[in-house]
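Colleague: Here is how the chains run, residue by residue.
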Amino acid sequence: DAGVTQSPTHLIKTRGQQVTLRCSPKSGHDTVSWYQQALGQGPQFIFQYYEEEERQRGNFPDRFSGHQFPNYSSELNVNALLLGDSALYLCASSLTGGPEDIQYFGAGTRLSVL
Amino acid sequence: SQQGEEDPQALSIQEGENATMNCSYKTSINNLQWYRQNSGRGLVHLILIRSNEREKHSGRLRVTLDTSKKSSSLLITASRAADTASYFCATESGGSNYKLTFGKGTLLTVNP
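If you read the sequences in order, they're chains A and B.
Using our numbering, read the first sequence as starting at 5 and increasing by one per residue.
Using our numbering, read the second sequence as starting at 26 and increasing by one per residue.
The hints are simulated quantities; they were obtained by calculation from the structure and are not laboratory data.
Please note that a few of the clues may not be correct.
[To be verified] Examples of chain A residues toward chain B, derived with CB under 8 Å:
| id | residue |
| --- | --- |
| 1 | Q60 |
| 2 | G62 |
| 3 | F64 |
| 4 | D105 |
[Unchecked claim] If you want the ones that stay clear, here's a sample from chain B, every Cβ over 10 Å from chain A, calculated:
| id | residue |
| --- | --- |
| 5 | E40 |
| 6 | A44 |
| 7 | Q58 |
| 8 | G67 |
| 9 | E80 |
| 10 | S93 |
| 11 | K95 |
| 12 | S98 |
| 13 | V135 |
| 14 | N136 |
The beta carbon of each residue, even a glycine, is placed where N, CA and C say it ideally should be.
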């Protein structure tokens, strides 16, 4: 049973560029959440997708956008990259209405903006 | 913004000792969860305690929740070197499977 998978593992971009990160949820899950974790900090919620729509959004600018596909996989897009966007980006999946309120995390994508 | 605050920020103990980490939060919650993170990689779920529960056990882990004080503690008994990691508390408010709000974490080092 595959867990949450994220790609790529590492990414280096320059300021002003755009980036797309990808996430495949755990088998049987239908909800995907994205978090940003700066060095030395706890993860911060970016947004959550369910039924191909953004269900919740954290305090992040519109440069951060996402998408969920019919197979429940998801993408996180960040436009006009800033140095401060350098972080570990974590994807988590869960089953809305399921028996447990647990989000399962992937290993993350480490983004470095130069 | 961070909801929870873990205390202490860092903890160093010897193998075999117990480790206690505390978490405080600000708003009402549905549940509180503890996660472990090794070397800045993915988060591993450890235990979930609901707002109507006061204590929960899972193997060497014991979690308590005091909603009147808006605080929780995680106890790891008989620690091992493999327990070395960062530990985060996360609260869930609103509906089920909604966003998690994390604290800044406690870095636990278990020395062999």
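Colleague: Which of the numbered hints are not met once you compare them with the structure shown?
Modeller: Of the numbered hints, 3, 7 and 8 do not hold.
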